Structure formats: C-alpha cells, structure tokens
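Asker: Chain by chain, the residues run as shown.
There are 2 protein chains.
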Amino acid sequence: MKLLHTADWHIGRRLHGFDLTDEQGNAFEQIEAIAKKEQVDGIIIAGDLYDRRLPAESSVAMVNQMLQRLNLTDHFPVYAISGNHDSATRLATGTPWFKQTDLFLHTALSQAFKPVELADTQIFLCPYFEPFDAQQYFDDDSLQHLDQAFARVVDEMKKAFDPSKKHLLAAHFFAAGSSTTDSETNLTVGGLAAVPTDLLADFDYVALGHLHGKNALHMRQARYSGSPVKFSLSEAAQEKGVWIVDTDQTPVKLTFKTLTPIHDVKLLTDSFDHLIHSTDDPAIDHDDYFGITLTDTQPIPNVMARLREVFPKIVTLSRQDGFSTQVRYQGESGQQIRQKAPMTLLKDFYEQVAKEPLTPQQEKWAKTTLKQASEGGQPS
Amino acid sequence: MKLLHTADWHIGRRLHGFDLTDEQGNAFEQIEAIAKKEQVDGIIIAGDLYDRRLPAESSVAMVNQMLQRLNLTDHFPVYAISGNHDSATRLATGTPWFKQTDLFLHTALSQAFKPVELADTQIFLCPYFEPFDAQQYFDDDSLQHLDQAFARVVDEMKKAFDPSKKHLLAAHFFAAGSSTTDSETNLTVGGLAAVPTDLLADFDYVALGHLHGKNALHMRQARYSGSPVKFSLSEAAQEKGVWIVDTDQTPVKLTFKTLTPIHDVKLLTDSFDHLIHSTDDPAIDHDDYFGITLTDTQPIPNVMARLREVFPKIVTLSRQDGFSTQVRYQGESGQQIRQKAPMTLLKDFYEQVAKEPLTPQQEKWAKTTLKQASEGGQPS
Numbered sequence: 001m002k003l004l005h006t007a008d009w010h011i012g013r014r015l016h017g018f019d020l021t022d023e024q025g026n027a028f029e030q031i032e033a034i035a036k037k038e039q040v041d042g043i044i045i046a047g048d049l050y051d052r053r054l055p056a057e058s059s060v061a062m063v064n065q066m067l068q069r070l071n072l073t074d075h076f077p078v079y080a081i082s083g084n085h086d087s088a089t090r091l092a093t094g095t096p097w098f099k100q101t102d103l104f105l106h107t108a109l110s111q112a113f114k115p116v117e118l119a120d121t122q123i124f125l126c127p128y129f130e131p132f133d134a135q136q137y138f139d140d141d142s143l144q145h146l147d148q149a150f151a152r153v154v155d156e157m158k159k160a161f162d163p164s165k166k167h168l169l170a171a172h173f174f175a176a177g178s179s180t181t182d183s184e185t186n187l188t189v190g191g192l193a194a195v196p197t198d199l200l201a202d203f204d205y206v207a208l209g210h211l212h213g214k215n216a217l218h219m220r221q222a223r224y225s226g227s228p229v230k231f232s233l234s235e236a237a238q239e240k241g242v243w244i245v246d247t248d249q250t251p252v253k254l255t256f257k258t259l260t261p262i263h264d265v266k267l268l269t270d271s272f273d274h275l276i277h278s279t280d281d282p283a284i285d286h287d288d289y290f291g292i293t294l295t296d297t298q299p300i301p302n303v304m305a306r307l308r309e310v311f312p313k314i315v316t317l318s319r320q321d322g323f324s325t326q327v328r329y330q331g332e333s334g335q336q337i338r339q340k341a342p343m344t345l346l347k348d349f350y351e352q353v354a355k356e357p358l359t360p361q362q363e364k365w366a367k368t369t370l371k372q373a374s375e376g377g378q379p380s
Numbered sequence: 001m002k003l004l005h006t007a008d009w010h011i012g013r014r015l016h017g018f019d020l021t022d023e024q025g026n027a028f029e030q031i032e033a034i035a036k037k038e039q040v041d042g043i044i045i046a047g048d049l050y051d052r053r054l055p056a057e058s059s060v061a062m063v064n065q066m067l068q069r070l071n072l073t074d075h076f077p078v079y080a081i082s083g084n085h086d087s088a089t090r091l092a093t094g095t096p097w098f099k100q101t102d103l104f105l106h107t108a109l110s111q112a113f114k115p116v117e118l119a120d121t122q123i124f125l126c127p128y129f130e131p132f133d134a135q136q137y138f139d140d141d142s143l144q145h146l147d148q149a150f151a152r153v154v155d156e157m158k159k160a161f162d163p164s165k166k167h168l169l170a171a172h173f174f175a176a177g178s179s180t181t182d183s184e185t186n187l188t189v190g191g192l193a194a195v196p197t198d199l200l201a202d203f204d205y206v207a208l209g210h211l212h213g214k215n216a217l218h219m220r221q222a223r224y225s226g227s228p229v230k231f232s233l234s235e236a237a238q239e240k241g242v243w244i245v246d247t248d249q250t251p252v253k254l255t256f257k258t259l260t261p262i263h264d265v266k267l268l269t270d271s272f273d274h275l276i277h278s279t280d281d282p283a284i285d286h287d288d289y290f291g292i293t294l295t296d297t298q299p300i301p302n303v304m305a306r307l308r309e310v311f312p313k314i315v316t317l318s319r320q321d322g323f324s325t326q327v328r329y330q331g332e333s334g335q336q337i338r339q340k341a342p343m344t345l346l347k348d349f350y351e352q353v354a355k356e357p358l359t360p361q362q363e364k365w366a367k368t369t370l371k372q373a374s375e376g377g378q379p380s
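Chains as they are written, first to last, in the UniProt record's numbering: chain E, 1 to 380; chain A, 1 to 380.
Since the hints were made in silico from the structure, they are not lab data. Note that the structure is predicted; figures quoted are calculated from it, not measured. One should not assume that every hint holds.
Copies of the same chain look alike in the list, so a pair counts if it works inside one copy or between any two.
As the list claims (entries may be wrong) - Mimicking DSS-like on lysine-lysine, the simulated pairs with C-alpha atoms at most 30 Å apart in a straight line are:
no., residue 1, residue 2
1, Lys-165, Lys-37
2, Lys-114, Lys-158
3, Lys-99, Lys-114
4, Lys-36, Lys-99
5, Lys-37, Lys-364
6, Lys-253, Lys-158
With the hints as constraints, model all of the structure from the sequences given.
Answerer: Here it is in structure tokens:
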C-alpha cells in the first residue's frame, strides 16, 4: 500500500493580512499531481482542513471542491480527520454519504475505534479531541489530561487490531518531544496537552497533523507531514511537502516529496541601502513574502513605503541593532536634557535625525519662531 | 408517483427569543411518519432548510441528522433546493456525494435545467436565485427583474421537457397573487421580486417554498406547503402541514396532512382578570405561545410578571383600547395642568393610578413632604 500523508491545510488562513488562496490552491494541485504520479492507494489528511471553526463561504467552497476533486474526479480513497482548527460539527456535514466512495472523514472520538479495513492494513482515524471528550466516551472522570486520555484511546484501538494486518493511525495533536513553531495555537504550549511518543509505538505508521514542520518529530514510524504552505515567518526555513508512505516494507518506507510555493516566505537581513538597490540581484525573488531585518541603526524616513516599492510583500520589518540615537541618548539623563536651552535641544535633535547641522538660514527661522512662541505671538 | 411536499424548515429559528428546537424536531418526526405511512416515493423540500446563512453548529447538526435519517435510514429519495435564508455555498457541502443515494440538493441556478429523471416524471429543482444570477448564467443583462429572469429560466427548462412525462418544479420565491405574512423577509414585499403565476402553468405541479401559509396561493397545480412550525404570531391562525402529491392523476391530486405542534402559537384577547383566573379553563393550554391583547384600559402594576405566572410563554402583550388615563387627559391642556397646585396634581395622579383617593394620613405625608421640598429641606 502506498499512501500520501498531508495535513494542516488551514484553508482560509492569511499571512499577516496577505491572502494565501492562490498559494493554497497551487499547493493542492501539486499534492494532487504527486498522488497521481506516485499512483498512491489513498490520501491521508491529518486534520485542520480549515483555519477556523467558522470558515468563510469562499473557504467552504474551496475545501468542498478539493475533496470532490480527490475523491470523485480522481477516485482516490481519502482518510481524513478533523483538527483543533476545524469545527467537528460543521466538517461532519455529508460524511455519512462520503463513505460510499471511500472518503472517510472522522470528526468524533467515537469513530476512532473502528478502523477502515483494507486488504492488508487497518487505518484508525482519530480526530482531534480533548480530555473531556474521552471522559464522556469512556464514562471515566479520571482521564484528566491528554496523555491519560490518549493512552486509553490507544488501548481501545488495540482491541480491534487484526494481527495479520499493518496498523496505521492518523491523529492530530502535539506529540511530546516535538518542537513547536509560533503558528500553531497555544494549545500546544506546555506539557499538559502533549502525548508521549511511546504511546505511538504499536502502530506501523502514525500520520500526524498539528505541527507545521515535517521535522517536528523524529520517530521512525510517526511523522508530521507539516503544512503544504508556510503560514508564518517561523516556518521560513522549513521545507514543505508530503510524505509518501509505503506500507509494504517493514519498517514502512518514507519518502518526502517537496512542494514549491508560487511565492516563498523568507527572512532577509541587510542594510536599507543594499535592499533598495537589490532589484537586479538574481538571488532574490522580490515577489516573495519577506520578514526584513535592517542592519541600519539610523532613522530612515518613510522606510516601509520605500522598501515596499522593491519588496511589495513585506510581512514584518525590524531592526537588528535598534537605533543609534537611542545609544547616544543613554549618556544624557532626563535632568541634563531639561537643563538645555530650547534652541540647543532643537539643533541637537535635527542633527541626530538629519545627520547634518542646521543651515544658518534654518537656524535663523528656528530662533525667530522660538522667540515668537515664548512670547505667545504668532509666527509671521 | 406519490411525493411529500414540505418547505421552510428554518432550522435555528427562534420565536421572540423562545427556542423552537423541540417544536422543529417534533414536526420533523411527524413529517417522517407521514412519509412512511403514505409510502411516498420521495420528499420535496422547497428551500429554507436553515433560518440563517451562517447557522449555529447545533442547527448544522440538526439538519445533517434530518437529511441523513430521511435518505440513509429511511431510504427516501429527497428533492431539495436552497432558499433565500440558506447559504447556497454552505448548503452545497456534500451534495456531489448525496446524489448516489437519490438525495438531490440543488443550490445553484445552473443545476435547475437538468431535471431528475424518474420513470414517468421529470423533477426540476430550481434553487432561490436573484436576477443577477440569471444575468450571469444566460449572459444577458436585460434580465433586470425576477419576472423576466424567471420567464427565461422556465423557457430553458421547457427545452428539456420530455412530453411523455409529467413535469414537476420545486422553487422558492414569492408568486404574485399570494398573500404575505410578516415572518418572511422584506424581499417578498412589493411587486418587483414576485413571479407571475402564469409562468407556472406549464408544470403539472409546482412545489413552492418561501411563504409560510399553505393558503398563500390558490392555483390548482402550484402550492406553498407552508412551514411545518408557526414562526410568528401572524401565522397563529394557519394550519401547518405537508402536501401529499399524487402525480398519477390528472390533474395531480393534492391532500394536505396536518402537523400538530407540541405547543401552539395563539392569539388571546381578554381582560386581565379573566386571564389570571383562567387556570382551570379547559379551552386554554397555558403552555402554548401566546400573543395576548388585554381589553383592560386601566394601568395594571407588574402586568407581564403576573401574566407569566399563568402563561409562561407570552410572546407579545398589548392593549386593545389603550389606557383610560390617556382618554381622560385629552380634556386638559398642558397649560391647564401647569396651573394646578402640586398637591392637586399629586392627588389626581394617585387617584388615576390607584383608582382610589389618598387617605387622610397619605395626604398629610404628601403635604409635609411637598412643603419640605419647596423649602429645600430634607424630609424628616
């Protein structure tokens, strides 16, 4: 059996206000092409199809069309679960009919224990759940934390294990030992909501969703596919793609197939001057999404507008070393500054910002204006 | 062919703040029971399955469960369309799969022209649409109003007519000549958004949705089923139910099957005293929803709270004849009133409200207090 493992589509997601519809649509088409080329026997989507529990109509139309294409047009079996970003209730719409064409989309914990039975493989589809759901399902209030709940869930799954078959699990959670990036939700922070990886040891492969980087967990038989698209600057260095899982081999053979974005998400650290004059630099695709860090320390008037002329899709802009003016002012106390004459303050300020002294004419204007201001009169 | 015609479920609707989930669930079960008893060959739902374009999760779960029960559990073919209250995009979720079990749910105008082909009948499912949709579909900007657009739509449908079969249409709009009630949307007000009934003449039966009363249109071969539940006081007098349509007869034979609410919606006009003492009246089910009109003309302290002790589900409360105090004051001008002494005003006011004069002790207190107030002192 050859399966394609993807997750965390997050349809509807934006990158600091930038629409990612085209990126997500394009990544989907690459996934579809890989599935066809590899002639996979099915596609696992390990949760977070949507970015929000209440998706926009445009997102609903997009996910509907994607599932339709994979399952009804291309005739791929699909094995999917809801993630913590999905509304399990809304995602459940239509699922009783989907099974007829081997589209399995599980959204309730109760569906986790009856595997999809293939000739040589059992696929357990465990949607995202919270300890409370396990307490309800097992009628057991002692399942206070996710690790306890998940241990109980795996025990229950094992009761259905057919020893003559391989056992696959699709699930959506934070496996202990994995590193988080800042585009996942707060739910992943802290140890409470983590699942110890040893609970996954009884499966031949665990197709995980939740963390967006494929290297977030290094276990031979459990992997995050990561998201198909970079959703934050913290994912800039990540390679995006899908796993091709060959279950005919023991251990299962994993091959990572990369996805190429239309516009990449990149971090760039350089001086304003270099950046502004980088238009001919073949190493830079100026249409990418950029997190720019300036090495300059002086103030730069209109800096964002001027940079956006060269890099239209700036996601964030920051300074590597702060501002030199701040450094200079560290030598003067508030008391010292307050003792200075207004004209001295003005001259110092102008020089710091403009990097040149006032001209004699400017100084004359300033003096006249200051005098009028102190006398309460109007400048002429 | 025997079909059940229902419409305007409006799942998620509330009646002046009262939850109608139980009423709607119960009405659904009655519809299901009628379909089974009548052994119908299919169920037409003529739009407005949801009350809102963005339904709550609980509403989504309810509609999902209802469609699943009719189609997958009871194996009824279902012929449904989206109404103006539905989000066509959200309602489209799963529809490509639904067809496999003869659940046809059309949400786009483009789906209106290919009928569902049964042995002796063609069913055209025309979702709610606006003139703009028709302009787009036909690439014809001249279709400015719904009557023009609908004429074009019917012309297009007729091209697919099989003369050897009966022709049924399910649609959701305001047919001219029908009477509106105030629980439909403003879209139905005025002639612009109406469809002339003569456009419906070429169909053997038109199963309409949009208006909530079954008597809103009297055409032999076109009917509103009305909503299964009363959604406003203006529907209090309506008989709710579904049509059983027998297409084997010419003209089609229509039988109305009534639905019985758990708690009815009723108008009640009586005196406060009668109503408060009506607890033993067998003609009144005090758990119904009531629009109460009081015949009293005097003010009644705490009137709503006292009535709610007897009628817990009061929807509205009004007066038939206004207040008698208002009538009395019509004889006095503002100028006349302002000339009265404060003590006279107080005595008159008390008498009007309490229907009895001040006692000597009350009058003494009032005089003392008025004197202190006019002197700016504090009452002792």
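Asker: For each hint, tell me whether it holds in the structure or not.
Answerer: Quick rundown of the hints versus the structure:
1. Lys-165 x Lys-37: within (26 Å within a copy, 47 Å between copies)
2. Lys-114 x Lys-158: within (10 Å within a copy, 49 Å between copies)
3. Lys-99 x Lys-114: So Lys-99 and Lys-114 pass the 30 Å test inside a copy (13 Å) and across (26 Å) alike.
4. Lys-36 x Lys-99: The answer is both: 21 Å in one copy and 26 Å across copies each meet 30 Å.
5. Lys-37 x Lys-364: The answer is neither: 77 Å in one copy and 100 Å across copies each exceed 30 Å.
6. Lys-253 x Lys-158: within (23 Å within a copy, 58 Å between copies)
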